[in-house]
Amino acid sequence: MKLLEQLDRLLLEHLGIITTSQALGIGISKPIFYAYVKEKNLKRVAHGIYVSETSWPDSMYMLHLRCAQAIFSHETALFLHDLTDREPTQYAITVRTGYNPSKLQADGYKVYTIKGNLHTVGLTKATTSFGHTVPVYNIERTICDIVRSRSEIEIQTLQDALKRYAQLENKNIRTLMHYAALFRVERIIRQYLGVLM
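In our numbering, the protein residues as written are 33 to 229.
Keep in mind the hints are simulated off the structure, nothing from the lab. Check each hint, because a few of them may be wrong.
To be verified - In the DSBU-like style, the derived pairs of lysine-lysine whose C-alpha atoms are separated by at most 35 angstroms in a straight line are: (1) K142 to K75; (2) K75 to K34; (3) K147 to K135; (4) K195 to K147; (5) K142 to K203; (6) K70 to K147.
Quantities reported herein were computed from a predicted structural model and do not represent experimental measurements.
Could you build the full structure based on these sequences and the hints that come with them?
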């Protein structure tokens with residue numbers, strides 16, 4: 033397969049978004065890739081991330097490409113799991129302690145940090161409204177996160193999410209309580225569940 037055909041396929045597979053690292057990953061040199069970007073009139077939206085003129089920009093997916101260790105969390109995870117009707121005005125992500133979030137915060141993202149050993153607890157994947165797959169915490173981890181950060185979360189958002197969680201058929205109370213112990217919110221979660229269930 034010719035190099036340009038490989039790039040066309042990559043662009044198509046990722047719904048009009050392509051990165052320098054993806055091109056390098058399939059053995060295409062930077063000069064060839066940048067010539068392709070110019071030829072196809074791709075728009076640079078962030079460092080190493082290019083979008084075709086015909087694609088709708090998926091800001092969640094682009095954030096994931098920009099910061100691979102970022103995991104969607106808190107209100108954004110609630111939205112992805114359909115535990116809130118409110119689309120977040122500001123995406124919330126969690127990164128490992130030690131990562132410098134200043135650029136992401138300056139760009140309007142809400143960035144939480146957590147110790148490395150807890151960073152991937154409850155990691156799963158979700159599909160954005162544009163059809164891209166992004167990393168997100170599972171429902172039980174998300175409930176623990178919003179309870180842990182309840183001083184920064186709107187009380188209505190917290191209460192609605194807990195009510196919706198209590199009504200889920202596929203909820204896993206054992207996993208929730210395991211995570212609650214890890215994140216030291218076991219007592220508070222028990223209180224909320226005692227009222228709701």
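Against the structure, the hints come out as follows:
no.: 1; hint: K142 to K75; in the structure: holds (26 angstroms)
no.: 2; hint: K75 to K34; in the structure: holds (23 angstroms)
no.: 3; hint: K147 to K135; in the structure: holds (20 angstroms)
no.: 4; hint: K195 to K147; in the structure: holds (29 angstroms)
no.: 5; hint: K142 to K203; in the structure: holds (27 angstroms)
no.: 6; hint: K70 to K147; in the structure: violated (41 angstroms)
Going through the hint list in order, the structure does not satisfy hint 6, though it satisfies all others.
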